[in-house]
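Undergrad: Below, each chain spelled out in residue letters.
There are 4 protein chains.
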Amino acid sequence: MEQVFDVAILGASGYTGAELVRLIATHPGMRIAALAADRKAGQSLGQVFPHLRHLDLPKLVTIAEIDFAGIDLVFCALPHGTSQEVIAALPRDLRIVDLSADFRLRDPAAYARWYGREHQAPDLQAEAVYGLTEFYRDDIRKARLVAGTGCNAATGLYAILPLLRAGVIDPDEIIIDLVTGISGAGRSPKEEMLHAETSEGIHAYNIARHRHLGEFDQEFSRAAGRRVEVTFTPHLAPMNRGILVTAYVRGEPERIHAALADAYADERFLVVLPYGEAPATRHVRGSNYVHLGVVADRRPGRAMVFAALDNLVKGSSGQALQNANLMLGLPETLGLEAAPLFP
Amino acid sequence: MEQVFDVAILGASGYTGAELVRLIATHPGMRIAALAADRKAGQSLGQVFPHLRHLDLPKLVTIAEIDFAGIDLVFCALPHGTSQEVIAALPRDLRIVDLSADFRLRDPAAYARWYGREHQAPDLQAEAVYGLTEFYRDDIRKARLVAGTGCNAATGLYAILPLLRAGVIDPDEIIIDLVTGISGAGRSPKEEMLHAETSEGIHAYNIARHRHLGEFDQEFSRAAGRRVEVTFTPHLAPMNRGILVTAYVRGEPERIHAALADAYADERFLVVLPYGEAPATRHVRGSNYVHLGVVADRRPGRAMVFAALDNLVKGSSGQALQNANLMLGLPETLGLEAAPLFP
Amino acid sequence: MEQVFDVAILGASGYTGAELVRLIATHPGMRIAALAADRKAGQSLGQVFPHLRHLDLPKLVTIAEIDFAGIDLVFCALPHGTSQEVIAALPRDLRIVDLSADFRLRDPAAYARWYGREHQAPDLQAEAVYGLTEFYRDDIRKARLVAGTGCNAATGLYAILPLLRAGVIDPDEIIIDLVTGISGAGRSPKEEMLHAETSEGIHAYNIARHRHLGEFDQEFSRAAGRRVEVTFTPHLAPMNRGILVTAYVRGEPERIHAALADAYADERFLVVLPYGEAPATRHVRGSNYVHLGVVADRRPGRAMVFAALDNLVKGSSGQALQNANLMLGLPETLGLEAAPLFP
Amino acid sequence: MEQVFDVAILGASGYTGAELVRLIATHPGMRIAALAADRKAGQSLGQVFPHLRHLDLPKLVTIAEIDFAGIDLVFCALPHGTSQEVIAALPRDLRIVDLSADFRLRDPAAYARWYGREHQAPDLQAEAVYGLTEFYRDDIRKARLVAGTGCNAATGLYAILPLLRAGVIDPDEIIIDLVTGISGAGRSPKEEMLHAETSEGIHAYNIARHRHLGEFDQEFSRAAGRRVEVTFTPHLAPMNRGILVTAYVRGEPERIHAALADAYADERFLVVLPYGEAPATRHVRGSNYVHLGVVADRRPGRAMVFAALDNLVKGSSGQALQNANLMLGLPETLGLEAAPLFP
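For the protein sequence lines, the chains are A, B, C and D, in the order given.
Our numbering puts the first residue of the first sequence at 275, with every later residue one more than the last.
Our numbering puts the first residue of the second sequence at 275, with every later residue one more than the last.
Our numbering puts the first residue of the third sequence at 275, with every later residue one more than the last.
Our numbering puts the first residue of the fourth sequence at 275, with every later residue one more than the last.
If chains are identical, the list can't say which one is meant, so a pair holds when it fits in one copy or spans any two.
Pairs of lysine to any residue, SDA-like flavour, derived with a Cα cap of 20 Å:
#, residue 1, residue 2
1, K464, P353
2, K333, P548
3, K333, V545
4, K333, D346
5, K314, E466
6, K314, E465
7, K314, P332
8, K464, R313
If you're looking for bench data, these hints aren't it; they were derived computationally from the structure.
All chains, full assembly: derive it from the sequences and hints.
TA: In structure tokens form, the structure reads like this:
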């Protein structure tokens, strides 16, 4: 590896920012040239995230303090809403991987509907490429601005998209039941994310109105060539990392399995289990791998499709790095092949 | 309270046995006269379950050592298969609440199909009453042998039975997605139930072939007056207690909510949340209460029905005690009204 | 039980307030006549704590709205600092059990030192009785204002106080190592109490400067009849409830065990394990029981003394109720004998 | 990196075996040539550990099936007792890193005392080098057989050894209080390691008689040049990975901190926090790093010394790999610099 690219991370004091640092720390083709976290500016990242204290990193600064001249690519791990404003102010030739929700929906009306406000950078929105790597690889290679997917959305999309493309399931009968871990909620203090509130129990949240429905609608409809609306119920379970999708679909189970296996046969990170087996989130923890499975229902013509991934890696920061590798002309899997951490 | 009944617990060294002791310890109408645990005979219960060491209890004995002459009612918390043999050998006039799976299925063919062996006490099977208290209350009052329901089964039945009875959902389009805690797997050492194997992750198990499907088939078909087969996917989450059902059904959401609220309007332990709200298992932990909710899907004519209960209380030992109260002519709720433990 | 006393709970929207409601809900001698929570006034308690939604309770009001004329006793579960101001404004003949830290230290200078401000109600401070029931029982019976102990303090005091009184340990060589669960930190959102921050790990906090040192100094010095200063290191572990003290002391281990067993021989809630055994917090969870143990070190003249209790019950709300029983002339153990919840 | 060494792992179906595979999977200087697991022979490692299913690995075989001719180094991750028998039968010129307890104690009498049986390979025991890398680096480089340390032992040794060497603490007044996670207990099913038994609570175990005391005695006495006996109390906390030592020592706190910082100034994996700060296990999870801290007690001349590491990495498999790097002439830190996984 000769060339080493200089990258900046905006929003380094959140979990996805820290996860980018963790992954890039041993990446042979990238160097962290700047770290921004407006409210923590002046501190070291090791003060904010002690698990990274052994690393030799630049101090946290404000975004305004960064000289973007020498930066090859920016990871933007800022909150939704903030991201579009910050990115609109960055140099127009800068490669950007955005991890927020701001550029995921191509249709400004869909954005306004799901996020409750007008988009502030509609021209950038038109330019952005949706970051589901295995489905938009060629576009991402050429893109200047890539929009990271929602972590829940990615999990559901990996389970269902190839089945719609292959035409092996009924597009009107898709139910996505999902269980997610807690780190997806971020590091901002909220009563409902306290350990005492979330441990030792499970519940559904944002039922039938989770914003990732916007991504499902967009991608499923595109894949099916017609309007597709799914039912989607996310649940919160007492674990730090991991998303499990259990999708209920209609179709011939063995054909469904075959379609999934075919679609991902050459994918390094998408592992389709043998027919009849189902994955566990703990077996992909801390890694960029996705485990997928198909099990026949006892009723003919019905199947359950499962997908498990780590929300902070393949669901956000690992995906972002995979896309950045493509954008910089690096091998796509570089720095991402570490095995999951179990137990 | 004048009369105090003498009860025996067979299988006191398992979690459901210990939970019966916990509940009966402060029950004003029952006294624990005998505790059997064949492999731990000779020990005190406090040695086997230190959380009960403050109680003044009879020593653990073998079943053969118990004089059933003075016993008013027996709780049988033995493993599946063992239970039918033990109960067949007990005095024929003894009231029995069985917590195993042995007498749940009325049809011997169904038993053989789901449990992989012929029933050893088919005459007792015919006599047994299914222990879903709120639906079989009158039969239970007169019963000699009551079969406790499966804990997963109970959760799904509470969510769906009134809807089939009221005819407000399509019986052919029921999907029961379920998440259960770990205590339901019992206290026998198994690799897959080690803390390191189960914590920090989620996965589905026994997909499309869980034995509680036998109970669903039996009870849903009876309620609908026709054959009903549901799709059922159980998951295991890292929590000790609690079961959450997320059921996907077809019907008018507000009518569904009304049917559920009507059915349970006079029930002490079944709490239907306001329309649009969903329950959490942690809010029923350690208690005999069930929280139920109905939320409309974004697609018309579809809804999610939720039910949450504690598998060791309302799902087994609390249910057993509620049934025993009825069988002994005691107030049904006696000893069962303690509030949930949160956090 | 003929007489039923009317009680009010101030600060009902915190964990100790909710725990009081849980315990009093099945208490035969008390009725909850008023619930105050200034910021949640107007809501029902079931909205704030859904696990209590089945109870028939008065609405949450502001403290100012309560008519204290008919109230027999007030539980004050307000934050430190607020408590002394509120209590100073209450009718002077009202019986009060305060769960905050405001009246625990008899010496105003000690209060100022540990809490960093002057006490606002020094006359009340002089009147308050320290609420460690088993050691101040007679005073509590006659008290108007009882100050609940710190939950960490209570655990350490139960382990050590009888040993100092009996003179069986060296007062200059006491180390109290402690592990506490997370509910003790309360329900206010704090980054460091998020599930993602606290689960799957352990660390020490407030080392050598935890405020409960003030209580240790006060009570140990009184028991020993001389100045006693201990070393104290609290740790935070990923569990909701429970405190475990491991105290390192100098003395003859068997004499230490005998002194502890003698001191607590007639206590309902303090259970001394056989010599050589050590307790687990999970075996007292949700209950008012304390399990204590003594194990000899391999080096002669040294021992470890262990104590385990539930911080929200015996460490605060259960203790408060036990003291209230005494103040109202009710049996001391009334409403507090429920067995621990395990698993 | 030109040379790639062929290694074999004996005992690949346990947690330390799997952790070796995880670490070596991305190690540029080693290739896994053979994996043995007698009871799972014939299976793929992915069947036994699904988190490793994406790796291209040799099938599991019995030890007898391995041709050791082409193997450069063997990792032996077998149970205690089995290890010495297996290693005694291996070719005498084979480099071996043993992860069991069999070769940790140099003195056969100490081995017999702590493990309750005579050693079966005393000549090998004499040859073995204790694997605490930073203290035995030069011996390890030249060693044929290296004995991995106990994971608890390593944590305590890192905290205390430099202080004894520097003479800044009183060797007669050392108390090591320790909290460990659950993966250290291994994958064999045991009732006391079930999720329902270990979650949501904490307790001490093997008090004053844990076998790692043998390692403390050996290493502390050697460092101090005289007999040193410490007090040691291990606890089990509900977390998968991580060990935290809280050591209570006598000496000048700032000198203690300086001695620790000096000793580890050039060590890549041993990070001494600023004076007054204490570590958390979650900040080293999944990594080979150790975080150490020193905090002054409020009583002069006393201090608490803290050390946190991951029991499966720096406490066993990472340590083994670090030693193997030295034995093979590879850079010591190769394949071990991945940052911790948080949250």
